[in-house]
Amino acid sequence: MTNKLSIIIPVLNEAENIVSLLNHLNENASPENIAEILVVDGGSTDGTPEKVLNTKFAHANFTRTDIKLLRSEKGRAKQMNLGAKKATGNILYFLHADSFPPKNFDRFIINEVTKGKEAGCFRMQFNNSHWWLRLASWLTQFSWRACRGGDQSQFVTKSLFEEIGGYNENYIIYEDNILINELYAKKQFVVIQEKIKTSARLYEKHGVWKLQYHFWTIYVKKWLGASADELYRYYKKHIAV
14 MTNKLSIIIP VLNEAENIVS LLNHLNENAS PENIAEILVV DGGSTDGTPE KVLNTKFAHA
74 NFTRTDIKLL RSEKGRAKQM NLGAKKATGN ILYFLHADSF PPKNFDRFII NEVTKGKEAG
134 CFRMQFNNSH WWLRLASWLT QFSWRACRGG DQSQFVTKSL FEEIGGYNEN YIIYEDNILI
194 NELYAKKQFV VIQEKIKTSA RLYEKHGVWK LQYHFWTIYV KKWLGASADE LYRYYKKHIA
254 V
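All residue numbers for the sequence shown refer to the numbering used here, where the first residue is 14 and numbers rise by one.
Rather than coming from a laboratory, the hints here were simulated on the basis of the structure.
Note that the Cβ used here is the ideal one computed from N, Cα and C, for glycine as well.
All the given hints hold, so there is nothing to weed out.
Simulated restraints on C-beta separations: (1) 127 with 238: 36 to 44 Å; (2) 84 with 176: 24 to 32 Å; (3) 234 with 15: 37 to 45 Å; (4) 249 with 58: 16 to 24 Å; (5) 234 with 198: 17 to 25 Å; (6) 151 with 229: 16 to 24 Å; (7) 207 with 237: 33 to 41 Å.
DSS-like, lysine-lysine: derived pairs with alpha carbons at most 30 Å apart: (8) 64 with 116; (9) 87 with 98; (10) 91 with 199; (11) 208 with 223; (12) 116 with 91; (13) 210 with 17; (14) 81 with 130.
Start from the sequences, fold in the hints, and give me the full structure.
Here's what the structure looks like:
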């Protein structure tokens, strides 16, 4: 079987970022390694779908037909599961709209799958020089479970994704962590040491320490047995404002 990536990008009101990301993917991957790019919209009202449909590439690695826009119910877990269901590649690559993977990311991922690793992520670097965010970025080089998060992007073979049941759609937030827990349990996870650059916009909006406190609180609540609804209520009250 020829290894090919299906890149799955869940979006909701990402008109500001999506064109830059699509151009970045076009310039930093080899078309023979990419089955398609699936942008899964959860009901944007800012023109994100139109931006996707009208993207014009400065370089011609990909064509317009390589990018598919899917409409989904709101919720990243639902959006990513829909993308996975429609994907034709044997490797699923889940990517946030404000995260930009390294040059030749496709080759790095395929190389790990070829070596037998069925899931993993990249090291991460925030686009902000705050010392805590630099430390948090530095820690992502290690394989410790506590250093993982969705901003590092996530690749997983389609067969393993289906085996573990995909993303848990009960979770409006924390869905990345639930999936990563399942993958760590399978002992199939690898951290690629190239860096994905991700936006610190949420930290800049709320303040680094305030947001970090809320993230830690969510983590502890989950550890103490909080339900998916409880986590979402906390997130909606303190972060999604």
